[in-house]
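Trainee: Using the hints provided, position chain Y relative to the given structure of chain W.
Protein chains: 2
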Amino acid sequence: MASITCSGSIALDTTRTPFRTVEKVLGGAAAYFSMAASFFAPVHAVSVVGADFPEEYWKLLERSGIRMAGVQRKPGRTFHYDCSYSFDLYQRFANKTELNVLGEFEPVVPDGARGSEFVYLATMPPEKQLDVLRQVGGRKLAFMDTIEFYIRGSREALLKTMGEVDGVILNDAEARMLAEEPNLVKCGRKIAGLGPSITIIKKGEHGALLFSDDHVIPFPAFPLEELLDPNGAGDAFAGGFVGALAERSATSPRIADLKAAMAYANVMGSIAVEDFSVDRIVRASREEIGRRFSAYVELMRVH
Amino acid sequence: MASITCSGSIALDTTRTPFRTVEKVLGGAAAYFSMAASFFAPVHAVSVVGADFPEEYWKLLERSGIRMAGVQRKPGRTFHYDCSYSFDLYQRFANKTELNVLGEFEPVVPDGARGSEFVYLATMPPEKQLDVLRQVGGRKLAFMDTIEFYIRGSREALLKTMGEVDGVILNDAEARMLAEEPNLVKCGRKIAGLGPSITIIKKGEHGALLFSDDHVIPFPAFPLEELLDPNGAGDAFAGGFVGALAERSATSPRIADLKAAMAYANVMGSIAVEDFSVDRIVRASREEIGRRFSAYVELMRVH
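Those protein sequence lines, which keep their order, are chains W and Y.
Taking numbering that gives the first Met the number 0, the leading residue of the first sequence gets 0, the next gets one more, and so forth.
Taking numbering that gives the first Met the number 0, the leading residue of the second sequence gets 0, the next gets one more, and so forth.
No lab work stands behind these hints, which were simulated from the structure alone.
There may be inaccurate statements among the hints.
Claimed, not checked - Derived Cβ-Cβ restraints for the label pairs, each shown as a range: (1) Asn94/Y - Ala255/W: 45 to 55 Å; (2) Asn94/W - Lys73/Y: 55 to 65 Å; (3) Gly64/Y - Arg15/W: 35 to 45 Å; (4) Pro181/Y - Pro74/W: 37 to 47 Å; (5) Glu297/W - Ala156/Y: 51 to 61 Å; (6) Arg282/Y - Ser83/W: 48 to 58 Å; (7) Gly102/W - Ser153/Y: 35 to 45 Å; (8) Ala156/W - Asp212/Y: 50 to 60 Å; (9) Arg15/Y - Phe92/W: 29 to 39 Å.
Unchecked claim - Examples of chain W residues lying across from chain Y (beta carbon under 7 Å, computed): (10) His205; (11) Val215; (12) Pro217; (13) Pro222; (14) Ala255; (15) Ala259; (16) Ala262.
Idealized CB from N, CA, C, for every residue including glycine.
This is chain W alone, in the form it adopts within the complex:
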């Protein structure tokens, strides 16, 4: 079976919602992505944690099947992200972003991860994303994410990395900033012009848009009555997407593969927000994911 190498942050998150606050729980893009993707295919994580990283979380990641050989343990503290949500959970405010050991992280892709068919480069400085991509070597399909900080401050390096990947997965605000264009359909086409043949624009509760060749395909979010913690939803979404492609070894995905992967992406995003941290993802099973996938596909079927 095809495997995935994912680089990015593993974090300790402090998340403050109107209903509950959790402190220093497992988080970070690579953690959410890997947890979600590991239902579908083996995942090699490339990341770094500090001496304060709880053994319990390390074991949880291992028990989820994630290959941890590429996760460095360094003296110092783990990346810490502290944020608050508005009363309706629709707006997030960053209180603290303490990079700690992530600040000097030099990714090293372990032998077992070299040659992974699928690569996901979660947000990092674009030079380091490119470094990971080159270390993996003969990969077949690579995706990347980024944030406004690098779009604003490292555009040149970012465009260079974007020129080397097959797809980008961004949220709507990032896409608008990158494309300098408010209309998201135009954004997607402009980003496609920068190199990637697959562009996904995530719209949170409103779903996502997929761009591939001349296709522009909207996907609604799976409707949820209860959401507890939106943190990591976008990374779990990406994990569902890349995971589903890896599961079917779709290294040259056809549009039908991409659409099914988008459905799995929405399923994993919807599962991620149903509890704090990765707790709900941990409680999921491939069978449950399959049932929610079928429900989602049936919802959207019009005769």
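Mentor: Leaving out everything else, chain Y in the frame of chain W:
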């Protein structure tokens, strides 16, 4: 074939966008709704215009097949709505709302419209919506819209009218205000508890949610690269929805009927915004609408 009676405003709109301003063009909820619905079934309009209403617009409505016997011509000026859009067309600002002859409008449903199987009550004071509903008489399926002004100021009358219709079609801000709840899925369930068996929450560029029995079904908007004038999109959406139900005489619609009607609703909304006023709707044909419906259904099909 089943017919539709639609009551509501016919307006002269002044619409200011960053690219172009049009003055006193044909607008109003009943105009957009009737134009969109008339591709599917005969529509009787119940409305009022002033002495300044251009003959050309009257003829345009007639040529579109709309039955105008219920449209009163009064001395005075036609309802005039003047608004501006933000540079990205995502935000609307009302400059002037001159009710004029609409202020004292007393709807009279003409003989030909009595007994219409389908009724659409566009925004009016809720007492007048109820009056129209009772005048139509033995209708089978009735839908209504409203605005924040009546949710805030006439809640009791509004709830009374809502108790008599089969469905409500609202936008997200209105639904949140009515249900006093930020989560739209919870909003839909709360509104269903107020009486209507069908609730539709429109989210503009993000599509819409359909609630019926225990179903909660999200529909993305048809993706558009060029939109010129968002005015009337929600009314054309409602026209596509009720029109499609009337076309198939679905007076007791099954979920498959409702889903197809939602797809037609998205199609008509997407057509409406592609030009100013009702110009693009006028240029559409049932064949073109059918093609866009098929494209929309195919977009959403996941295997």
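Trainee: Each hint should be assessed against the structure and marked as holding or not.
Mentor: Going down the list of hints, with the structure as the test:
no.	hint	in the structure
1	Asn94/Y - Ala255/W: 45 to 55 Å	holds (48 Å)
2	Asn94/W - Lys73/Y: 55 to 65 Å	holds (59 Å)
3	Gly64/Y - Arg15/W: 35 to 45 Å	violated (57 Å)
4	Pro181/Y - Pro74/W: 37 to 47 Å	holds (44 Å)
5	Glu297/W - Ala156/Y: 51 to 61 Å	violated (39 Å)
6	Arg282/Y - Ser83/W: 48 to 58 Å	holds (50 Å)
7	Gly102/W - Ser153/Y: 35 to 45 Å	violated (58 Å)
8	Ala156/W - Asp212/Y: 50 to 60 Å	holds (53 Å)
9	Arg15/Y - Phe92/W: 29 to 39 Å	holds (34 Å)
10	His205	holds (4 Å)
11	Val215	holds (5 Å)
12	Pro217	holds (3 Å)
13	Pro222	holds (5 Å)
14	Ala255	holds (6 Å)
15	Ala259	holds (6 Å)
16	Ala262	holds (5 Å)
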